[in-house]
Amino acid sequence: MNITIEGLHFSYDGEPVLEEIGLSIEKGEIFAIVGPNGSGKTTLLKNISGVLTPDRGAVYLGMKQIADLSTWEIARQLAMVEQDREVGFDFTVREVIAMGRIPHQSRFARENKVDKKRIEEAMRVCSVSSLANRLLAEISGGERQRVFLAMALAQEPKVLLLDEPTTHLDINYQLQIMEIVRAQAIDGLTVVMALHDLNLVAQYADRAAMLDKGHLLEIGKPDEVLTEANIKRVFHTDVIVTKHPLTNSFYVMPLPYRFDRSKSRSSEQESV
Amino acid sequence: MGRAKKRPQGQVSWNRRKTRSIRCIFVLLMTLLVVTFVIGVIIGPVSIPIREVFSYLVGRKAAIGGSGHIQHLIISQIRLPRVLLGLLVGCALAISGGAMQGLFRNPLASPYVLGIASGASTGASLVIFLNLHGVVFLPLGAFIGGSLAVGIVYQLARQRDRKTSVYTLILAGVAVGALFSAITSFLIFLSAGTDRMTDVIFWTMGGLSRASWTYLCVLAPIVALGSLLLIAFSRDLNALAMGEEGAFHLGINPEKSKRIMLGVATFLTSSAVGFAGTIGFVGLIIPHIMRLIMGPDHRFLLPATAVAGAIFLVWADMVARTVVRPVELPVGIITAFLGAPFFLYLLKTRKVRM
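Going down the list, the protein sequences come from chains A and B.
Each residue of the first sequence is one higher than the last, beginning at -12 in the numbering used here.
Each residue of the second sequence is one higher than the last, beginning at 512 in the numbering used here.
Since the hints were derived computationally from the structure, they do not count as laboratory data.
Only true hints are included.
Covered stretches of chain A (chain B as the covering partner; in silico rule of three or more C-beta atoms under 8 angstroms from a C-beta of chain B): (1) 66 to 77; (2) 87 to 95.
Straight line, CA to CA, 25 angstroms or less: simulated PhoX-like cross-link-like pairs of lysine-lysine: (3) Lys33/A with Lys767/B; (4) Lys529/B with Lys104/A; (5) Lys100/A with Lys529/B; (6) Lys767/B with Lys51/A.
C-beta atoms are modelled at their ideal positions from N, C-alpha and C, and glycine is treated no differently.
Build the full structure now, drawing on both the sequences and the hints.
Shown next, in the form of structure tokens:
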């Protein structure tokens, strides 16, 4: 399912957070939203998910404007993995993942065969089957994030939103999450995520949008968006963007403050 | 490979096992309920042989003037209404407590802690004070008082930081509860020396001694309907455990669900308070114990809590009417004796989630 955002404005208590955002995201695409803290990434995701309603402009899920859909209709098409979700009470991993079926069940329904199948499938995809009976409070942060991803997948969404899914995770867990997401996108899931890690964006995103203080600075393929100039402008940080000799994908390397860029450039030229 | 294949099977059997153990708990609870009911009718100042209880229950008529006749009268006019009132009030208090703990994602939330009970008791006292006795005015007055209290507490806790913070909620509950208790005390003071004073004092301590069939006729449909409504929303409570946004993403409108459930729980608690006074801590202990036994899934937790609450209050009432014979203690004293230490224990050991 594709997502279209037209002329979106949003403000918190009169303070503009997002201005004139226009985007369209294709079915099966992994779309990354990048930008520094406070640039409006999470707010943009919440506008897409329907949690927040834009002041002006509109978000379309497929052909329908999200503001016209009920909470229930949204949940049947769109799932979200929030940042730092806190769960009340001691639910087991399986109980949490089973909640992903709520949008597909009637109020008094018990778990049927389809529900069971979807839950087990989601657990397998996210490799959390062996954790099923553990309490959510007992497992590690990386496992927790995979459980929330499994819950979102059990929801059978057409659109998956992720807010900083890899923050606080070790590098192996970061890659696990991204690999699961990529496999789902290949099967047609539309993925929109806010990401801190520019290198993960470079590796996994099909396209990216860079936000600067609530404005869209650039949209395009990761190598078009993550340029040294754009990163300097938005993050006020010097970086080198190069192609990796082995993977042939590009990567972003931040330069320490003490590094004198002009010197290094000139020395490079000398050597050439 | 072999292990990987076995896993899903283990999964299925685990689920079956869990369903079975939950079924066991329900069977056990229902058995206990029946046993409690019968014992509740037997025990009292006048001992009634179990044979007479059964003969009454199956509808056999006793000869007029015989000892059986008096015993049947005691059963029908005193014991039975009292036990039934205990069951209804216990059920109402426990299930609303369970719903509120779910709503606020905190095991410390309960009708008592949130000031609902104090508000309802003030409402009921005011009705008595104004001499508006009657089965309609009492629960109505209690409901108005209870809603007022919970409304104030909820608004206070919300405005501080948009999200309802549990600490603010409990502190606000204590403060509002104290305010309403003060109003009730003032009413007691004003009506000093009259019959109304004993009435009001009775309401602040809570008891089942005023049970009558008229009370039951009003309370039974309220409790039945309210409990069913809360159970119907148990799925929403599960989703709300994921936080308000989490619930939204599962297709639940969090504000709407919360408002409906808080309203129903307040009405249930207030009606119970209207007929039996403030009986504290049932709504705190019972849901918590049941959650320890059967896990936090509200679809099973709420019905189990309702039954367990009913059983608990009838037993507490039996203790209340037998422990210092022939004087009868208000049952609220018994539940507070059990509940207050339990509350402190919770505060001390459990990490209070924000």
